[in-house]
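Student: Could you put the whole structure together from the sequences, leaning on the hints where they help?
Protein chains in written order, with the working numbering: chain A, 1 to 472; chain B, 1 to 94.
Any given hint might turn out to be false.
[To be verified] Quick partial rundown of chain B residues pointing at chain A, CB under 10 Å, derived from the structure:
1) 12
2) 64
3) 80
4) 88
5) 93
[Stated by the list, open to error] Partial selection, computed: residues in chain A whose CB lies under 10 Å from chain B:
6) 235
7) 298
8) 316
9) 327
10) 330
11) 335
12) 339
13) 357
14) 368
15) 378
Keep in mind the hints are simulated off the structure, nothing from the lab.
Please read all numbers here as calculations on a predicted model, not as lab measurements.
Note that beta-carbon positions come from the ideal geometry of N, C-alpha and C, so glycine has one too.
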Amino acid sequence: MDISNLTIKKAHSILVAKEVSARELAERYLKEAHAKSGLNAYREIFDDVIAQAGEAQKLIDAGTATMVTGIPLAIKDNILIKGKIASASSKMLENYRASYDAGVTEKLRRAGSILVGRTNMDEFAMGSSTESSFYGKTLNPHNPKCVPGGSSGGSAAAVAGGIAIAALGSDTGGSIRQPAAFCGCVGLKPTYGKVSRYGLGAYSSSLDQIGPITQNVEDAAILYDIIAGHEPKDSTSANMAHQSVATTLNADRKMTIAVIENYLNEASPEVRNRMMDGIKALEKAGHKIMYRNFINSKYDIATYYVIATAEASANLSRYDGVRYGNRGSNENLKEMFIQSRSLGFGEEVKRRILLGTFVLSSGYYDAYYIKAQKARHFIKAQYEAIFKEADLIFMPVTPTSAFEFGSKADPLEMYLSDIYTISLNLTGLPGISIPLGMDSKGLPVGGQLIGQAYGEQALLDGALSLERELGL
Amino acid sequence: MEIEIKDVEHLAGLARMVVSDKEKELLCHDLREILAYVSQVKEVSVAIGEPEPGELHNVMRDDVNPHESGIHTETLVSAAPSRAGNRVSVKKIL
Numbered sequence: 001m002d003i004s005n006l007t008i009k010k011a012h013s014i015l016v017a018k019e020v021s022a023r024e025l026a027e028r029y030l031k032e033a034h035a036k037s038g039l040n041a042y043r044e045i046f047d048d049v050i051a052q053a054g055e056a057q058k059l060i061d062a063g064t065a066t067m068v069t070g071i072p073l074a075i076k077d078n079i080l081i082k083g084k085i086a087s088a089s090s091k092m093l094e095n096y097r098a099s100y101d102a103g104v105t106e107k108l109r110r111a112g113s114i115l116v117g118r119t120n121m122d123e124f125a126m127g128s129s130t131e132s133s134f135y136g137k138t139l140n141p142h143n144p145k146c147v148p149g150g151s152s153g154g155s156a157a158a159v160a161g162g163i164a165i166a167a168l169g170s171d172t173g174g175s176i177r178q179p180a181a182f183c184g185c186v187g188l189k190p191t192y193g194k195v196s197r198y199g200l201g202a203y204s205s206s207l208d209q210i211g212p213i214t215q216n217v218e219d220a221a222i223l224y225d226i227i228a229g230h231e232p233k234d235s236t237s238a239n240m241a242h243q244s245v246a247t248t249l250n251a252d253r254k255m256t257i258a259v260i261e262n263y264l265n266e267a268s269p270e271v272r273n274r275m276m277d278g279i280k281a282l283e284k285a286g287h288k289i290m291y292r293n294f295i296n297s298k299y300d301i302a303t304y305y306v307i308a309t310a311e312a313s314a315n316l317s318r319y320d321g322v323r324y325g326n327r328g329s330n331e332n333l334k335e336m337f338i339q340s341r342s343l344g345f346g347e348e349v350k351r352r353i354l355l356g357t358f359v360l361s362s363g364y365y366d367a368y369y370i371k372a373q374k375a376r377h378f379i380k381a382q383y384e385a386i387f388k389e390a391d392l393i394f395m396p397v398t399p400t401s402a403f404e405f406g407s408k409a410d411p412l413e414m415y416l417s418d419i420y421t422i423s424l425n426l427t428g429l430p431g432i433s434i435p436l437g438m439d440s441k442g443l444p445v446g447g448q449l450i451g452q453a454y455g456e457q458a459l460l461d462g463a464l465s466l467e468r469e470l471g472l
Numbered sequence: 001m002e003i004e005i006k007d008v009e010h011l012a013g014l015a016r017m018v019v020s021d022k023e024k025e026l027l028c029h030d031l032r033e034i035l036a037y038v039s040q041v042k043e044v045s046v047a048i049g050e051p052e053p054g055e056l057h058n059v060m061r062d063d064v065n066p067h068e069s070g071i072h073t074e075t076l077v078s079a080a081p082s083r084a085g086n087r088v089s090v091k092k093i094l
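Tutor: Put into structure tokens, the structure is as follows:
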């Protein structure tokens with residue numbers, strides 16, 4: 001039987017109907033993953049995939065399979081899987097074996113999913129193209145000259161390349177949504193606190209969130225249901241019971257959707273064209289469209305690069321060569337710290353640590369860090385004002401489609417490409433990237449729907465209606 | 001304020017890193033550019049957006065039910081680059 005192009009839902013139904021075994025499905029995806037190793041999507045394919053399939057089959061045979069039992073998933077290299085290397089695609093952690101499972105890993109294991117391997121990413125999640133990985137770049141399956149996006153480039157490439165049915169990524173400034181858009185996938189960043197950060201390598205603790213990268217909206221809802229929920233071991237976890245969204249998806253729900261007009265006009269013509277298709281589709285689906293403007297996005301980026309780098313400089317101070325990770329020269333303690341960190345961190349990571357150190361340093365802390373925290377409230381207030389009149393917001397994910405390798409060598413130019421995704425991390429709001437079609441070069445373009453805090457049901461309902469209407 | 005090479009050296013020292021002379025040049029240039037951009041954050045009016053008092057608070061659990069002593073020791077110490085028995089080993093500190 002044809003077991004290519006499977007979604008979570010389709011794969012689940014053929015597994016449960018015993019039309020294919022978990023082992024056969026796993027073997028197929030392993031074969032594909034090896035055949036497409038040129039993508040460099042996986043850092044490592046785990047050696048226990050068949051054994052995991054065996055465990056999944058037991059659940060299927062016992063009639064206790066969940067929606068993701070036996071489903072091959074790709075996991076970003078910064079999410080801990082006990083006993084497996086989690087390197088955050090850095091040299092610093094190249095041989096670090098996770099001493100515990102991340103909260104999301106525990107949930108996926110309990111649900112019987114197959115963790116195929118860990119995916120390539122920008123080093124320590126700092127980047128928008130996966131070019132800063134210590135282990136080489138990942139190719140965009142749609143065009144090998146183009147980046148898959150970042151920092152979850154490997155996860156998006158794995159899903160788009162058909163070597164995982166779905167994947168987990170992490171999003172601090174757009175790192176799920178942007179690679180999903182570049183690779184033609186769906187990428188969901190949940191409301192901050194809905195998915196545990198326990199066991200996620202910390203980059204910027206007030207901004208990081210784990211989320212699904214999938215082939216369609218329904219799969220995103222299914223995987224989100226599995227990983228979401230209160231986590232006692234994450235003190236930033238939202239203290240609320242999770243209500244399933246996948247079982248109550250309603251694409252017929254009519255809503256008021258605010259399109260951010262100035263962002264639309266600032267995007268490239270190709271992105272604008274696809275966004276217009278998206279707006280037409282939302283209108284056809286019966287939603288009411290209104291047009292609003294946001295204040296200049298430059299404040300978003302400035303605020304983000306102060307806060308994220310400040311938090312990163314604090315979070316990455318744990319990499320000192322003492323208890324884990326690569327250790328540099330051992331002359332004396334200070335030398336050990338300096339050598340471990342200088343040799344273990346790449347260029348972009350060093351750049352962000354230094355910037356973060358600057359904005360937190362004596363004499364500059366008030367002018368930069370405190371100011372940025374205040375600006376963050378200002379940005380949130382803008383969203384709250386729009387949500388008084390609209391249920392969802394629609395805007396681009398990226399200003400352009402996937403760019404070519406090496407084309408954004410200037411770091412500031414790279415940072416400016418995050419303009420449409422960053423504010424969601426600053427505000428904690430949920431957002432989803434949905435494929436809108438291709439540009440004239442055959443590269444995918446994504447559109448972004450944004451919901452109210454903890455409003456994933458409305459968000460996914462809207463996303464499903466858009467996907468259905470576009471009929472891609 | 002304009003970043004100079006000596007500032008890069010100072011920051012690197014604070015962050016416990018060394019950077020080569022070539023890296024210092026590049027970082028100096030990059031940091032100047034980025035800092036010029038992020039300095040726009042100062043334009044945001046002070047009157048807007050003061051965090052509410054008590055908006056953020058620490059979340060703690062009760063200090064009860066400790067796990068059995070030593071159950072995680074091997075897992076954790078085995079990750080250390082250098083160990084002596086159940087201890088992480090480093091060069092003399094004092």
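Student: Does each hint hold? Answer for all of them.
Tutor: Tested hints:
no.	hint	in the structure
1	12	holds (7 Å)
2	64	violated (13 Å)
3	80	holds (5 Å)
4	88	holds (6 Å)
5	93	holds (5 Å)
6	235	holds (4 Å)
7	298	holds (6 Å)
8	316	holds (9 Å)
9	327	holds (4 Å)
10	330	holds (5 Å)
11	335	holds (8 Å)
12	339	holds (8 Å)
13	357	holds (5 Å)
14	368	holds (7 Å)
15	378	holds (4 Å)
Checked against the numbered hints given earlier, this structure breaks only hint 2.
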